[in-house]
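Residue numbers (our numbering), protein chains in the order written: chain A, 1 to 149; chain B, 150 to 298; chain C, 299 to 447; chain D, 448 to 596.
These aren't lab readings, by the way, just hints derived from the structure by calculation.
Watch out, some of these pointers could steer you wrong.
What the hints assert, rightly or not - In silico BS3-like cross-links for lysine-lysine, where the CA-CA straight-line distance does not exceed 27 Å:
| # | chain 1 | residue 1 | chain 2 | residue 2 |
| --- | --- | --- | --- | --- |
| 1 | A | LYS57 | B | LYS283 |
| 2 | B | LYS206 | A | LYS57 |
| 3 | B | LYS206 | B | LYS292 |
| 4 | C | LYS432 | B | LYS206 |
| 5 | D | LYS581 | B | LYS225 |
| 6 | A | LYS134 | B | LYS206 |
| 7 | C | LYS395 | D | LYS596 |
| 8 | D | LYS596 | C | LYS355 |
| 9 | C | LYS432 | C | LYS355 |
| 10 | C | LYS447 | A | LYS76 |
| 11 | A | LYS143 | A | LYS76 |
| 12 | C | LYS441 | C | LYS355 |
| 13 | A | LYS97 | A | LYS134 |
| 14 | D | LYS523 | D | LYS590 |
| 15 | D | LYS523 | D | LYS596 |
| 16 | D | LYS504 | A | LYS76 |
| 17 | C | LYS432 | C | LYS374 |
4 protein chains.
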Amino acid sequence: MGDSAAESGFVSTIFVHPVQLRWGECDPAGIIFYPTYFLWFDAAAWNMFAQAGYHAKRMRAENRAMPLVAAGCEFKHPAEQEDRCEVRSRVARWGGKSFVLAHDVVRADGTLLAQGSETRVWGRYASGPGSPLKGESVSAELKALFRAK
Amino acid sequence: MGDSAAESGFVSTIFVHPVQLRWGECDPAGIIFYPTYFLWFDAAAWNMFAQAGYHAKRMRAENRAMPLVAAGCEFKHPAEQEDRCEVRSRVARWGGKSFVLAHDVVRADGTLLAQGSETRVWGRYASGPGSPLKGESVSAELKALFRAK
Amino acid sequence: MGDSAAESGFVSTIFVHPVQLRWGECDPAGIIFYPTYFLWFDAAAWNMFAQAGYHAKRMRAENRAMPLVAAGCEFKHPAEQEDRCEVRSRVARWGGKSFVLAHDVVRADGTLLAQGSETRVWGRYASGPGSPLKGESVSAELKALFRAK
Amino acid sequence: MGDSAAESGFVSTIFVHPVQLRWGECDPAGIIFYPTYFLWFDAAAWNMFAQAGYHAKRMRAENRAMPLVAAGCEFKHPAEQEDRCEVRSRVARWGGKSFVLAHDVVRADGTLLAQGSETRVWGRYASGPGSPLKGESVSAELKALFRAK
């Protein structure tokens, strides 16, 4: 996926979202319950947009949404309670009205725990949640906010 | 709490919401992670209102909300993965613009696992989520929907 | 993925796990918060094994585990609060020491909401959670439990 | 509850656990889904013990557990997505084999959002999760770890 971004000359900023695995996010096997990774990816995605200027309040005021088309993850090594990790996120690809985010979960000692991706639509509600949602073209201005400096 | 309802002559229907404890709702101790009970209480509360005629779609269409003022639970006996339980819910007390729900979690073998309560406001948005929310008086009509037949 | 199973002559039982979307599983857009689908997939996976004879208590007693290697989902249509759905699950492929589960989420009106998969290892702890986990060969007996009759 | 601790001359350290409200922790009303507060309380409780020297690994190695007897919360003001908050936690009371934790959730601007408490047993497994759990007397040494300096 990163290839397409590379081909088009786009190099994304790497956004970092720190997390620490909680007791309640572990299962009876004593390791991370896997949907927790997707909770982290979603939080990391919102963090990317906030850092790029699209804070939650702005997203809401502008009736923006970024619903998912697909998500996936490969689990490399299990996280354990109290593990401090970073979700390192980047835009892996820009589509016409969508984009792909790539998320790496890296433990404090450098171990790669999981690699995931989210495909999202860059959408806008006619008038807020519940009203029709339409995809909007990804503008050059939007892309520029995520470009590595 | 049930006393006040009893004093006023109100006897609530007992609403039943079946649940089964999932792997991911257990913690490394191998038993239920306690916030799960509150997830069940909230689901049971919405189930009560749906059964009483206030389905989610109606609540949304009428701009209704029932935000919480307080919640609590006593944990009697731990649930284990795959345990089938019932959340047995009733209106324990009607206030002027609020109400108290009482929730008992009972395992299939009859063991009482937890007893909780939620105090909620009967509220209405001026024009949907994000707009000002005001408490509304609990009407005789509303109470009648929850009265035991 | 189903192809490999088909090639090998394996046709899986379709296991059905009913769910209903809760208020707390929806996000501020008023639709399902996507990691909820993975919570459902995990619950559906345990349900498959329970129905096939591997109940939670047996899994624990035999020190068995089925940790994930990968998971993914395509989101077709958003679920809304109170929607009744079925997770329809099958074994899409048997590997040497792993297997792939395919999960379809279908709304009561027949609409396909999401299609996901989980790749899991068939594992065993030396002596319970925390001790070393090793993959075990998927036996003919295990496969037979999931074969369509 | 704080009174009893005060009576006995015990003044607890205030432990601080920072959190930020996520998109997925909000409900269709656009505010915090209330069980999230209990997720935060549990995380804050483990953070207290970790800071006091009882890290997750030590708890596990010593077969310790701190199961809940009761939990409750009063909701003062709703948190919104992206709000940065602190969970400020202290030991409100020491019992013979149990203790009460008090948790205040305070937004970055100083607004008190919620006040909760957890009553927990100081327990120990005979030989790890699944084996019998017994409450242990709260020792003077344990209390000293939480005493304000």
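Going through the hints against the structure:
no.	hint	in the structure
1	A/LYS57 - B/LYS283	22 Å, holds
2	B/LYS206 - A/LYS57	26 Å, holds
3	B/LYS206 - B/LYS292	20 Å, holds
4	C/LYS432 - B/LYS206	49 Å, violated
5	D/LYS581 - B/LYS225	15 Å, holds
6	A/LYS134 - B/LYS206	22 Å, holds
7	C/LYS395 - D/LYS596	55 Å, violated
8	D/LYS596 - C/LYS355	47 Å, violated
9	C/LYS432 - C/LYS355	20 Å, holds
10	C/LYS447 - A/LYS76	36 Å, violated
11	A/LYS143 - A/LYS76	30 Å, violated
12	C/LYS441 - C/LYS355	20 Å, holds
13	A/LYS97 - A/LYS134	9 Å, holds
14	D/LYS523 - D/LYS590	30 Å, violated
15	D/LYS523 - D/LYS596	30 Å, violated
16	D/LYS504 - A/LYS76	21 Å, holds
17	C/LYS432 - C/LYS374	36 Å, violated
When each numbered hint is compared with the structure, violations occur for hints 4, 7, 8, 10, 11, 14, 15 and 17.
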